[in-house]
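S.K.: The lines below spell out each chain.
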Amino acid sequence: MQRVVVLGGGVGGTLAANLIARKLKHEISAGQAKVTVVDATGSHAYQPGYMYIAMGSERPEKLVKPEKSLLDGNVELVIDTATRIDAAGGTVSLGSGVTMAFDQLVIALGSRILPGDLANFEGEAHHFYTPEAAARLRGALDAFEGGKIVIGIAGIPYKCPPAPLEVAFLIESELRQRGLRDRTELTFLSPINRAFTIESVSDMATPIFEQKGIRLELLAGVSEIDAERKVVITDAFEEHPYDLLICVPPHKGAQVLIDSGLAPKSGWLPTDRATLQVKTVAKPAPGTADEDVPRYLNVYALGDTTDLPLSKAGSTAHFEAPVVAERVAASVQGRAPEAKEATYVGKVMCFFEVGDGKGTLLQFDYNHPPKPPKPSALWHIGKIMFNKTYWRTVPRGRV
Amino acid sequence: MTAETTTTVTTTIDARGSFCPGPLMELIRGMREAEVGDVLAVLSTDKGSKADIPKWVGKAGHTLIGVFAREGFDEIIVQKVR
Chain L
0 MQRVVVLGGG VGGTLAANLI ARKLKHEISA GQAKVTVVDA TGSHAYQPGY
50 MYIAMGSERP EKLVKPEKSL LDGNVELVID TATRIDAAGG TVSLGSGVTM
100 AFDQLVIALG SRILPGDLAN FEGEAHHFYT PEAAARLRGA LDAFEGGKIV
150 IGIAGIPYKC PPAPLEVAFL IESELRQRGL RDRTELTFLS PINRAFTIES
200 VSDMATPIFE QKGIRLELLA GVSEIDAERK VVITDAFEEH PYDLLICVPP
250 HKGAQVLIDS GLAPKSGWLP TDRATLQVKT VAKPAPGTAD EDVPRYLNVY
300 ALGDTTDLPL SKAGSTAHFE APVVAERVAA SVQGRAPEAK EATYVGKVMC
350 FFEVGDGKGT LLQFDYNHPP KPPKPSALWH IGKIMFNKTY WRTVPRGRV
Chain H
0 MTAETTTTVT TTIDARGSFC PGPLMELIRG MREAEVGDVL AVLSTDKGSK
50 ADIPKWVGKA GHTLIGVFAR EGFDEIIVQK VR
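Protein chains in written order, with numbering that gives the first Met the number 0: chain L, 0 to 398; chain H, 0 to 81.
The reader is advised that the hints may include incorrect statements.
What the hints assert, rightly or not - Just a few of them, taken from the derived set where beta-carbon distance is under 10 Å, the chain L residues facing chain H:
1. Pro206
2. Phe208
3. Glu209
4. Gln210
5. Lys211
6. Leu215
7. Asp225
8. Ala235
9. His239
10. Val280
11. Ala281
12. Ala284
13. Gly286
14. Pro308
15. Ala329
16. Asn366
Claimed, not checked - Below, simulated BS3-like cross-link-like pairs (lysine-lysine); rule was C-alpha separation at most 27 Å, straight line:
17. Lys264(L) with Lys46(H)
18. Lys49(H) with Lys147(L)
19. Lys370(L) with Lys58(H)
20. Lys61(L) with Lys264(L)
21. Lys22(L) with Lys33(L)
22. Lys49(H) with Lys357(L)
23. Lys46(H) with Lys282(L)
24. Lys282(L) with Lys346(L)
25. Lys61(L) with Lys24(L)
26. Lys58(H) with Lys229(L)
27. Lys211(L) with Lys339(L)
28. Lys49(H) with Lys282(L)
Bear in mind the hints are in silico, worked out from the structure with no lab data behind them. Just so it is clear, CB atoms sit at the ideal spot from N, CA and C, and this is done for glycine as well.
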């Protein structure tokens, strides 16, 4: 019996498990293979929808479904928390005290937001990374009657890189429609030396900041929040007063990866960019060539979990899952993986809202930066349609 | 110690292999943990670092000691002032 264990029931874990189960249909029915998803909650959340709760166009109950309802009938679901992973020894310890043995392991544990890591964040800053926080932000926007809005980022990487820019653009449109724009000063604090990490996207977004009259401050990562004076202090010691503060909270990878010695303090799991196999050393010695770091041949990572220089977004996990599925299935079946299907080329595709019912599309891979088309209603509608059809398409591997 | 300067480096941050904005973010993290007067060296293979890091250093009011081309990477040396 070959035991395939998938940790995490988000986009990556669910899709990978379903694709593996499909490829191993015969082995599973013959009792030669078993696919198990271990998920902490048993609920699958569609996180890209949270931003729309804050924008007043989505309801939290529409963004969650039981994980079991999304899994192939041949996939077992265990609702439990991984507390220790012995990658070399082939076991995962669970919170219930059970130890699960695996022959193939897929780690898709996502990322964690840590608002508490920045003093005064929880009392002062709004965000949209949980349904509750997004609803609170909606309430604050409804009560807003003008003043200074500051939108900032407390650390890179974070989930859905375009989201804070989208929120800035969408709030600007909303305030204009509500007649509050000329009573509001909007400031966007970018932690790097341009508006967005990818240069071509930055080139597309920068003129939109200008058109919308949103002040764009560069090299201005959020470092401190002074609650008494209502001021944000940046990495470069500049101060920005606010009446309403919206900030991307600090992010880290899963704690169990740090505790198990698989990931460095950041929690992002060292992962091979093409095979998605996990590297055996959490933090290689300075100057070590990447190819000299051995990989675990039966342990894979996908989605936000990895340390790959890609967007932490469902789309990344979506395009990584078929690679993991092919490699896992090939190992179980004792065959060589199909080279093309089993190599991740860094493909990511996501929509980008610019406000006023318009959007654009970011499509790229390791070797081809995005060339976003001119913002139009088409891509905004595309994003809304994608969000609405997600449950029937992505987790089940239909797109 | 480097060939171009007699400054003693307190901490070296090896960000080789990390893509933009990784080396800059690593330096900002290192600066938070450093003491005033410490000298930090960032090793980077990312071409953007030698422009972006000096800009941030200037904006933050620290001292840029120098940007040195090494074999296959750049070494950017910075002193924490505040």
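S.K.: It remains to establish, for every hint, whether it holds in the given structure.
M.R.: Hints versus structure:
1. Pro206: Violated, because the Cβ-Cβ distance from proline 206(L) to chain H comes to roughly 21 Å (cut-off 10 Å).
2. Phe208: violated, 18 Å
3. Glu209: violated, 20 Å
4. Gln210: violated, 25 Å
5. Lys211: Lysine 211(L) check fails; min Cβ-Cβ to chain H is 24 Å, beyond 10 Å.
6. Leu215: Hint violated; leucine 215(L) Cβ to chain H Cβ min 14 Å, cut 10 Å.
7. Asp225: Nearest chain H Cβ about 16 Å off; hint violated.
8. Ala235: Result: holds, 4 Å to nearest chain H Cβ.
9. His239: violated, 14 Å
10. Val280: At 13 Å from the nearest chain H Cβ, valine 280(L) fails the 10 Å test, so the hint is violated.
11. Ala281: violated, 15 Å
12. Ala284: This interface hint holds because 9 Å falls under the 10 Å limit.
13. Gly286: holds, 7 Å
14. Pro308: holds, 4 Å
15. Ala329: violated, 29 Å
16. Asn366: violated, 13 Å
17. Lys264(L) with Lys46(H): holds, 26 Å
18. Lys49(H) with Lys147(L): violated, 34 Å
19. Lys370(L) with Lys58(H): violated, 31 Å
20. Lys61(L) with Lys264(L): Answer violated: lysine 61(L) to lysine 264(L) is near 35 Å, above 27 Å.
21. Lys22(L) with Lys33(L): holds, 12 Å
22. Lys49(H) with Lys357(L): Answer violated: lysine 49(H) to lysine 357(L) is near 36 Å, above 27 Å.
23. Lys46(H) with Lys282(L): Distance of about 23 Å is within 27 Å: holds.
24. Lys282(L) with Lys346(L): holds, 26 Å
25. Lys61(L) with Lys24(L): Status violated; Cα separation ~31 Å.
26. Lys58(H) with Lys229(L): holds, 22 Å
27. Lys211(L) with Lys339(L): With a Cα-Cα distance of about 44 Å, the restraint between lysine 211(L) and lysine 339(L) is violated, given a limit of 27 Å.
28. Lys49(H) with Lys282(L): Judged against 27 Å, a Cα distance of about 24 Å means the pair holds.
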